[in-house]
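With the hints as constraints, model all of the structure from the sequences given.
As you go down the protein sequences, you meet chains Z and E in turn. Oh and the first sequence: position 21 is 2 in my numbering, straight run, nothing missing. Oh and the second sequence: position 5 is 24 in my numbering, straight run, nothing missing.
Hints are computed from structural coordinates only; laboratory data are not their basis. Remember, it's a predicted structure, so these values are computed and weren't measured experimentally. For every residue, glycine included, the Cβ atom is placed at its ideal position computed from N, Cα and C. Mixed in with the good hints, there may be bad ones.
Taking lysine-lysine pairs in the DSS-like style, the calculated list, with each CA pair at most 30 Å apart, reads [said to hold, decoys possible]:
no.: 1; chain 1: Z; residue 1: K275; chain 2: E; residue 2: K179
no.: 2; chain 1: Z; residue 1: K274; chain 2: E; residue 2: K25
no.: 3; chain 1: Z; residue 1: K275; chain 2: E; residue 2: K25
no.: 4; chain 1: Z; residue 1: K274; chain 2: E; residue 2: K206
no.: 5; chain 1: Z; residue 1: K275; chain 2: E; residue 2: K202
no.: 6; chain 1: E; residue 1: K25; chain 2: Z; residue 2: K276
no.: 7; chain 1: E; residue 1: K300; chain 2: Z; residue 2: K273
Covered stretches of chain E (chain Z as the covering partner; in silico rule of three or more C-beta atoms under 8 Å from a C-beta of chain Z) [to be verified]:
no.: 8; stretch: 56 to 62
no.: 9; stretch: 65 to 71
no.: 10; stretch: 144 to 155
no.: 11; stretch: 188 to 198
no.: 12; stretch: 209 to 222
no.: 13; stretch: 236 to 249
no.: 14; stretch: 368 to 378
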Amino acid sequence: MEKQNRRNFLKSAGLLTATIAGVSTKTAKAAPENILSEDRMGVLVDTTACIGCRNCEWACKEAHGIPAGDINSYEDKSVFKQMRRPSGNSLTVVNQYENEKMINNPINVKVQCMHCDHPACVSACIVGAFSKKENGSVIWDTDKCIGCRYCMVACPFQVPSFEYDKAIDPEIRKCDFCYERTKEGKLPACVEICPVEALTYGPRSELIKIAREKIKKFPDRYIDHIYGEHEVGGTSWLYLAGQDLTKSKALPSLNNKPAPGVSESIQHGIFAYFVPPASLYALLAGIMWLNKKKKENSSRGEE
Amino acid sequence: MSEYLKPVPLKKKFFTPGVIVLCIIALNGLIFLAARFFFGIGSVTNLNDQYPWGIWIAIDVAAGVALAAGGFTSAALGHIFHREHFHSIIRPALLTAMLGYTFVAIGVFVDIGRWYYIWHPLIMWNGNSALFEVGICVMMYLTVLYIEFLPVVTERFMGKVNLKGFLSFLNKPIEKLLFILDKGLSKTIFIFIILGVVLSTLHQSSLGTLMVIAGEKMHPLWQTPVLPLLFLLSAIAVGFPMVIFESMTASRSFGIKKEMEVLTPLGYTVAPLLGIYLAFKLGDMFIRETFVYLYEINTASVMFTIELVVGVIIPLRMFLSKKVLETPSLLFTASFLVILGVFLNRVNNFIVAYTPPFSYEPYLPSIGEISVTLGFISLLVLLYRVIVLNFPVISLPFRKQSIKAKYTIKG
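What follows is the structure in structure tokens.
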């Protein structure tokens, strides 16, 4: 009888381990598309050129089916009085900051999704609703999203926005790098409309070269730092500026490690193809069996 | 020993003044909950793009999972380490875990924007996501808890199925089903018990991994790569204090004798477990040199100090004292402090520590959020009461000679 039990025990334990192992091979593939292409595109933002006309805000709304209103109304400078963040109705916004060198010449900084090289949202999303495409864009899939908002917790730039006032199908809203437009060979809407060429669209590697040249050519105009070249492991959007934009909190101050790095290595360390959980199972089963045997032996001894 | 303990359905009335108060709190929560489903999350909560997670995640989910840890710690103690002395605590702890995790699942359900897609993680996998890991583990563990509870159900109904009227033809098949279940489960239950412990260690720790990806958005007092370990250790440490707290609360509520002969020995296990947690928490603080943040006085440093001193150090000292362990009121207080400490830790990790770079005003929960959370807690307590009144969960002492005699309630 006892023997029988032990065999059953081992059999079921073995079966379970096998099932888990079988599942694990599937999990290895179960990650969203996350391509880091050599030819990925980017945008170089020259904040020293931006005049704060906010035409990009208007074009972005037009391109994404958001009521945009009259383009002339965007000349209103009073919106600069308070800091604005990208939201569901405006996927990009321009904020104005004081110029340390020239008080009368404020600095305008356009913000939107940075399209990270190692996106935290892609790593975090419970259902893999985010993916990074070959051209560098990080986009969101409405058919998968469950609305948990973990992407918002994860994003180091605090970009994704959620439609809190919608009871059905609330969306995560953020810049999609005009994925639909660039697929057709068009420029991103904001880049296309920019009247002063503050925005340059091109392969990210080229943009870095251009930025370096600009810094070299005009050392008085720019600080020697391309924001986004190394921040959180690199972003598709890159910023040139005359002063450190993180000081005025125009852009967050971040280190150079990819945002999902630590979390993913912990996660994979705990799992490592289900070896640690399966070993723990086996260990506990062993302890249980030994304790049971000890008990049986001692009770037999009493009889 | 002339007495032995046996779980039985308690013979007490359901309604008391306290129960009525709980019903009102639950109802109030349900009204706010209805608003959430009709008008969206924003209509009831103070959540916004700066603070995407509030107390529904911090309390209902994170603290809920931690405080339901009594289920797996007592299963490990009773079944895996075979300490039969503690068998009487396993069923109440199992019931609390089962109800606790049920409400964790409901908490997630109401917090996610698209509740009707809650099944998506089952088929849409992202192995890199800590949340995916937590979600899948919690779903599996909830199933395991229901399976572990099935023997209580079969024990209650076997040989007693007696449906009246037109349903009476079902009596025999149900009886047979119960018999098969009971027989099958008694042989296989160990698989689920071990699985439950493994799944618990996995998701208790992964719950800590959740906030790691928030990186610099989290206050350095809490943000550490060993968060998963701290979460696991604190969950293990809070398991038995939670069992003690519940057992004593239930005893008082139902007017039965406090099981000090079980709870005191159980209390002895708390100090070492809490000590290990404290060692890691302090060790982490000194290795990362985060104690410098305690010199300045702000919400974060005050909350961290309360969490550490009131929630870990004081109860640790108490659990080291024999007098505390043997005095019901002191044991109750010490257990409560551990629970408070872990509760605060989860709230701190998910809310206080979370300071996004662009925020205008700090997050404070709305009346609606608090109402729903309190409502869920009340519903949980009410369900616990319904179940212990109808199922053999809480053990009562019986005389050895007269097993069939009616029991008497002491105290």
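Taking the hints in turn, this is what the structure says about them:
{"no.": "1", "hint": "Z/K275 to E/K179", "result": "violated (36 Å)"}
{"no.": "2", "hint": "Z/K274 to E/K25", "result": "holds (24 Å)"}
{"no.": "3", "hint": "Z/K275 to E/K25", "result": "holds (24 Å)"}
{"no.": "4", "hint": "Z/K274 to E/K206", "result": "holds (16 Å)"}
{"no.": "5", "hint": "Z/K275 to E/K202", "result": "holds (24 Å)"}
{"no.": "6", "hint": "E/K25 to Z/K276", "result": "holds (21 Å)"}
{"no.": "7", "hint": "E/K300 to Z/K273", "result": "violated (35 Å)"}
{"no.": "8", "hint": "56 to 62", "result": "holds (count 7)"}
{"no.": "9", "hint": "65 to 71", "result": "holds (count 5)"}
{"no.": "10", "hint": "144 to 155", "result": "holds (count 10)"}
{"no.": "11", "hint": "188 to 198", "result": "violated (count 0)"}
{"no.": "12", "hint": "209 to 222", "result": "holds (count 9)"}
{"no.": "13", "hint": "236 to 249", "result": "holds (count 3)"}
{"no.": "14", "hint": "368 to 378", "result": "holds (count 4)"}
Violated hints for the displayed structure, listed by number in ascending order: 1, 7, 11.
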